[in-house]
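Chemist: Sequence:
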Amino acid sequence: MDDKESKVKKIVFSVIAACSLFALFGCNHRAETDTVQPAAMEELKPMQQSWRGVLPCADCEGIDTSLFLEKDGTWVMNEHYQGARREPSSFASYGTWARTADKLVLTNSKGEKSYFRAKGDKLEMLDRNGSPHSVSSQLYPGASEGQPADDADGDARHVFLYGRCGNLYRLRDR
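Residue numbers (full-length UniProt numbering): 1 to 174.
Incorrect hints may appear among the rest.
As the list claims (entries may be wrong) - Derived DEER-like restraints, expressed as beta-carbon distance ranges:
(1) Ser89 to Gly120: 29 to 35 Å
(2) Thr100 to Val8: 55 to 61 Å
(3) Asn129 to Arg85: 42 to 48 Å
Think of the hints as simulated: they come from the structure by calculation, not from any bench. The beta-carbon is built from N, C-alpha and C at its ideal position, and this holds for glycine as well.
Can you build the whole structure from these sequences, using the hints too?
Modeler: And the structure:
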């Protein structure tokens, strides 16, 4: 029986040693680690919002741009290329929008993404990788309290129509 008692003692000792090691690993002092504070970010309100501005253009005078974010997570962007010699010089695009920690991500109907970030009451356009451009690319609020820029009184309803060339037209219906 001496041999059997010896084996039991070894097993009990091994179990106690293993439990002690697990207990020591659990005594990690988490207070010593640095806590990372999230960067302050501008709020994009969960309501209808609109912005307007002239974005830089490589082969025209500028792109007169209006962006409308809808409460349901959809967006519409109207762009008019100023001084463009080719027709059509106005385009509309649409899709869905989502928020990341610090960016607004627009995904158009073809699955292509555009990135923006809020800077005060402005909206800054970012490059394809979500980084800031080297030139100023900002859109300004279209109107106060989330009303569309062309409808400050707030009583218009909007209807979207598709044109023959795939363009999206936005009409007001009172």
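Chemist: Between the beta carbons of Ser89 and Gly120, is the distance compatible with 29 to 35 Å?
Modeler: Given range 29 to 35 Å: holds, Cβ gap about 31 Å.
Chemist: Indicate whether the distance between the beta carbons of Asn129 and Arg85 respects the range 42 to 48 Å.
Modeler: 31 Å, violated
Chemist: Range first: 55 to 61 Å. Now tell me if the beta carbons of Thr100 and Val8 are that far apart.
Modeler: 59 Å, holds
When held up to the earlier numbered hints, the structure conflicts with hint 3 and nothing else.
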